[in-house]
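> For reference, the chains in residue letters:
Number of protein chains: 2
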Amino acid sequence: MKKLNVVLVVIACLFSTSLFAQDIIHDAEHYVLKKQHGDNWATEDEDIDAKLKKLEKKHGTKPNIIHIMWDDTGVGEVGIPEIQKLRGFETPNMNQMAEDGMNMMRMYTEPSCTPTRADAMTGRYAVRTGMHTVSFPIENSGMDAEEVTIAEVLSEAGYSTAFYGKWHLGDTESSYAHNQGFDEAFFTPYNQVPSMWVREAEANNVVTGLYPELYGEDIYDIDQSWKPIGYVWTLEGTKGGKTYEWGAPPAVPNFWDIDKECEKRTMEFVRRNAKANKPFYAAYWPTVTSFVPDARSSEKITANKNVLQEGLVKVDAFVGELLEELEELGISENTLVIVMADNGPFTHHGPRGMVETLYTGGKGDFTEGGIRVPCIATWPGTIEEGQIVGDIIHITDLYTTFARLAGATDYIPRDRIVDGVDQTSLLINGDGYSRRDYVMVYQGDNLSAGIKGRFKRDWKNAEPGLSGAEFYDLYTDPREDNPEMIQQFHTKSMFKRQKERHLLWIEKYPNRPDATPGIPLQGIENVRPETEKLYHAPFNMDDLPFDLKEVMDHELPFVDE
Amino acid sequence: MKKLNVVLVVIACLFSTSLFAQDIIHDAEHYVLKKQHGDNWATEDEDIDAKLKKLEKKHGTKPNIIHIMWDDTGVGEVGIPEIQKLRGFETPNMNQMAEDGMNMMRMYTEPSCTPTRADAMTGRYAVRTGMHTVSFPIENSGMDAEEVTIAEVLSEAGYSTAFYGKWHLGDTESSYAHNQGFDEAFFTPYNQVPSMWVREAEANNVVTGLYPELYGEDIYDIDQSWKPIGYVWTLEGTKGGKTYEWGAPPAVPNFWDIDKECEKRTMEFVRRNAKANKPFYAAYWPTVTSFVPDARSSEKITANKNVLQEGLVKVDAFVGELLEELEELGISENTLVIVMADNGPFTHHGPRGMVETLYTGGKGDFTEGGIRVPCIATWPGTIEEGQIVGDIIHITDLYTTFARLAGATDYIPRDRIVDGVDQTSLLINGDGYSRRDYVMVYQGDNLSAGIKGRFKRDWKNAEPGLSGAEFYDLYTDPREDNPEMIQQFHTKSMFKRQKERHLLWIEKYPNRPDATPGIPLQGIENVRPETEKLYHAPFNMDDLPFDLKEVMDHELPFVDE
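Protein chains in written order, with my numbering: chain A, 1185 to 1745; chain B, 1185 to 1745.
No incorrect hints appear here.
If several chains are the same, the list does not tell them apart, and a pair holds so long as it fits within one copy or across any two.
Cross-link-like lysine-lysine pairs, in silico, BS3-like; alpha carbons within 30 angstroms at most:
1. LYS1683 - LYS1636
2. LYS1489 - LYS1636
3. LYS1683 - LYS1269
4. LYS1484 - LYS1676
5. LYS1426 - LYS1717
6. LYS1489 - LYS1683
7. LYS1683 - LYS1219
8. LYS1636 - LYS1484
9. LYS1444 - LYS1484
10. LYS1484 - LYS1219
11. LYS1680 - LYS1269
These are computed hints drawn from the structure, not numbers from a lab.
Construct the complete structure from the given sequences, taking the supplied hints into account.
Have a look at this one:
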């Protein structure tokens, strides 16, 4: 399978130059819509191009893009102050963004962190890039070097690009953010799980066994080879430059320092580029919603008091400062700001207070609670204020839309499926102008559900042979509490065809089966000795009858983690 | 028990004149708060009195009050346009009310129709008035004549009072709305259940056996005595005047005519009193959320299309017309308008589309989904605009608050517990000014849960002897999905005392055990022969060894329906 992939990529690359002038290859379902609306879209696009040209003339550059994305938050928790009243906390700045811009009520993501982040970076469903499963230290794999990130696309169009915060796309050197196209990066290769690997996490009942001092002695604990001692917390680097570890885990105060540093760097990056009148793309993906309360906070800032809500209020404060800075720099009207979450609340085994709000399910689930997130966009003068939009938009759409805004559409690769569709019309024309009415919902590499407008079909629990109570009308039953059968049979064959088209396309443009394997955490200038030991983990090659490279090069059919 | 009640009422009445100058007797919990906040409240009240006096001087009358209350709608379904986007319908006029006034995020009702309506009318928990259980045709009982309704209280202060719509407080003559203090009434003694008793309901799978033509012949169906043939749909009358049946069931078109007629009469009543410069109280409680779609509508008016949402949009249209009329009559700034639902969504055995939104549970449940409803209040110039308030307010509070606004507090009886506390300060001063942090949640006459601020205790499912996972922090877990124990033990003794105080007060001021029994549907001038037959149902007294009166006069201990 792996070798076949390589061959396909090579063949595709040979054709890529001539393919460049072609249309982007979208998921099959796109063409069903295009057939019906392509003419309208073309007309809209002419107006949009004129508008963007006018804007560029006014500001002297293409628009700036700031993408802030945090963890594990359900629809309604941000941007709907009525619901925040019920939860005992408030994010006034992001709520104000909703009033000043567009509150997207149907932004879909993948059901967990790594997949959603891969989607945002590549414009492709995580199942296509092999990044479909949440990574943990030590992962020994990462996003493939051949993936073309939004940073690479925008760089081609002359954008400055920066990444700050939770990257979570692997620990191989080629997957580092600054090796994936960012001019500058300050990022955590992993998630916030290490925030549990400290004594302070005990109170939250989540402390687990990383360091010997977190457990008493256990005489039966005889394999020391696999423990992730030596993992790094934060790395930094610049495009083509060297990689450095920043700080060193584990220590709770460190954790909060990461976001503080990210905020400082984001602000500095924005200022620097604004002054140079250079268009920029900044991704600040805070790590702030941890498992462990901020030990340095002397008092709680919300009546809710749980880690997510305390964290959201901190993110919100930064958003307020950032928007003010854009104003002062005079670039507000040339900057698209998007704030959003990466997936639903961490309801299964997450910290206290991570609960369902409007939707059923949370992180990891294929129900709406897992894959629908708060998302607000502002762009004063271009996005009309006070909009609440019911259109479907998908995280991958940001990729294609950002590229369009930057005049960089041509740099989107044409040798693979790019799921993201251009949603510039939605941003500019508002409610009802989405170019998408479908989402394919994956859990890992399993196709669990299909969405088409108000309708949803559960394939995961479908009884073979019988179409049972596996259909939902999301207006009638947004919480998916009452699966229907006879009421929805008119959608059955539509979903069947939707799935068939989707699978046919995968046959034509195969998925990467998994994240690309590799030695973890290499290429760090100030590498610690305990990190270097990981290059040989989980075993010393010389003493074993198989070697690390041999294991990594095999795509074992039963390995799914 | 019944006799004891009568004695107590008599004793209480003897004292009532001298008690009149005394404070209202509230639930025990009130005094715990009063002890802590009484001085502040007194200061606030002086300012409020001054403000109300000034307002009266300006307008020449006390303020008008319009109370619109419909069925079975969860928090968020009205007044939060973001959530309506997710449901595929819109109530623009009521959403505008939220922007122009106060959106109450914590209005508590009883968990079902009859109890909530009794609460609103009497200012007392339904368990105290015996009106704790939903009535159905034929009920043979109704709200006791000794209860003092808000109509009676406001009448004493010179208000014109009118009731239009779903009364649902019994079918005894003394319980009719115009016999309970309203100057004029046009009302359904029952709920919308008869809307199922027509052939058209078959499509909704809810048609049940009222009329022989709705079933084929059943040779085993040998008791014809108990079927409610002859029930009435709508009655009308004026205070001290005669009662007439309006229209005649069953017929689907009739059903929608009721609301149309209510709307016409409400508008006419408002106009008439505005022109006479007489303060008025109008209760319009639409019947619109039926089990059966409006057969006359040629097309749906919502993408959602289910009966509740279609109904809400109809109510909303009327609200829009009404607010416009108030504006034209020049009485907007002297009129408090409250729109709300009577309990949570009909999730158990209700029509399609009656589902949970934010909260768990629905009609009948003691979870928040059963007892928390959308509620919006406007009063231009007095209620500040754009307020979202997190305070607890209870349906009974409207009684006491309306009386305060009308200068009619003295007419609230002092011989019984009145649960409603004066919430004028909340209306005028806004968020944080509620005089209530508690609710006792009953299902029927069972005390199921206690609420104190953000905390809630489930008594219904409590394991005797052990305080188990029966505690909730509603900010942390608004859906009551994760009952807690150790995290909430500091609330245990507080809830214990709350309950003890509450029960002690019931011992002092006993509840009516049930709705007051009586012959149904008497005193109708244009009575139909089939209705008259009901006076002798469910059996012919002469042919049985017990008579109807004997049965009714007995409070049988095992009768709970």
